[in-house]
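Visitor: With the hints as constraints, model all of the structure from the sequences given.
Sequence lines, in order, name chains A and B.
In short: position in the first sequence from 1, add 203, done, that's this note's numbering.
In short: position in the second sequence from 1, add 203, done, that's this note's numbering.
In short, the hints are calculated from the structure, not lab data.
Each residue gets a CB set at the ideal place from its N, CA and C atoms; glycine is no exception.
Heads up, a few of these hints could be off.
Computed footprint of chain B on chain A, listed as stretches where at least three residues anywhere in the stretch have a Cβ under 8 Å from a Cβ of chain B [to be verified]:
hint	segment
1	318-330
2	361-368
3	374-388
Short, incomplete list of chain A residues facing chain B, as computed with Cβ under 8 Å [stated by the list, open to error]:
hint	residue
4	Leu-272
5	Ala-393
6	Ala-394
7	Ala-397
Label pairs and their calculated CB-CB ranges [as the list claims (entries may be wrong)]:
hint	chain 1	residue 1	chain 2	residue 2	range
8	A	Gly-275	B	Thr-343	45 to 53 Å
9	A	Trp-278	B	Thr-254	49 to 57 Å
10	B	Val-299	A	Asp-282	34 to 42 Å
There are 2 protein chains.
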Amino acid sequence: MPRPGTARPGGRTARTRAAVRDATLAELADHGYDGLTVEAVAARAGVHKTTVYRRWESVEGLVVDALDLASGEPWPVPDTGELRADLRALTREVLVGFTDPAAGPAATAFVVAAARNAATAAAMHDYLVARHEQAAPIVTRAVDRGELPTGTDPGDVVRTAVAPLYYRLFVSREPVDAADAERAADAALAAARAGTFVRG
Amino acid sequence: MPRPGTARPGGRTARTRAAVRDATLAELADHGYDGLTVEAVAARAGVHKTTVYRRWESVEGLVVDALDLASGEPWPVPDTGELRADLRALTREVLVGFTDPAAGPAATAFVVAAARNAATAAAMHDYLVARHEQAAPIVTRAVDRGELPTGTDPGDVVRTAVAPLYYRLFVSREPVDAADAERAADAALAAARAGTFVRG
DNA sequence: GGGCTAGTGCAACTCGGGTTGCGTTAGATA
DNA sequence: TATCTAACGCAACCCGAGTTGCACTAGCCC
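Guide: In structure tokens:
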């Protein structure tokens, strides 16, 4: 898949790419991943569908490109000075990210896309690895403060904290509220304190 | 959606339904949910595609029917006499269920299908609610033995134990091994012991 | 065993996502 | 400003999933 916009970075090419990306996000929000068609994205972007097919190849390509864009965006990592509050803020952020009427539908569509396709799955993997790394300081700071045992794996704590939310949202399809997010954070905290995530 | 085979339970109708169900599972295992087409299932079942369309309506209907069938099947709940071992057996069972070369592809396809479609999502919800209920005795026995505080919510413990596996398998797409399954079980155990899942 | 009907097989059709070949436009270079 | 070419627009096309109308078969009931 040719990464779009490498040969002729200025002018129309760049405008087309931006318009298509915006249209992809808007279509994902409106119709979800299953309702995403190249034709609709092209029409929304004011571009012909053959252009989109040539540069992004398929709907998967559109999603991968949009996810790559999202990976690069900055992301607020909580830093309250206390691990419990940090983890709760983190899980709350995840929950809001998927339930917020504005951002939720597109975020949901990304996860759905990742579950299906190898290319989008790889993009989602990269995206979440980046997020895990960005969130790691929450844990390392806690270790430094003596809240957690030395050697605690930050990634494990973060994954354990957010996993129940994803599970309820996308697998078991149970309702999720703020209390669930807090409980998930508290569970990760308790497990981490008990030394469950201390590596070798 | 008309539940197949209610009016004429015997003979050809029942044979067709069984053949289509088997074919659906086989096709899911071979080509995944995205590669599942009504035509292929019909051909594999030795049945005309219009028959499948009339009785199951769509690929989603096929998956829902197969999931309903799976919900009814018995399922071995570990009972070792110790909570840690029970939870580890549980998470191990989940992991094997998705990574086993025989059963894994179809199980994976079910989760992927549930992420996409409302009908299959509802079927998956029912399926997992049944599984949570079946697994609840693991926790209630531990409470009775005094391993966990009174009032511990069994569903929370089970969800917390299995959620990291689903997260790695279907969301972040990270490799998962037996050690991860054990850690997930241990984390749920530590959180439960700390009283995180005690409900008011 | 002879009607009755739900369920099935069949073939032709619809329809929309995706493809292809070619002419045109717009941005880069000098 | 002249030129060159990557990128785009356009229309026609392909293809296969899903639909429809009708004939037929196999279970059910007397």
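Visitor: May I ask which of the numbered hints given earlier this structure violates, with the numbers listed in increasing order?
Guide: 4
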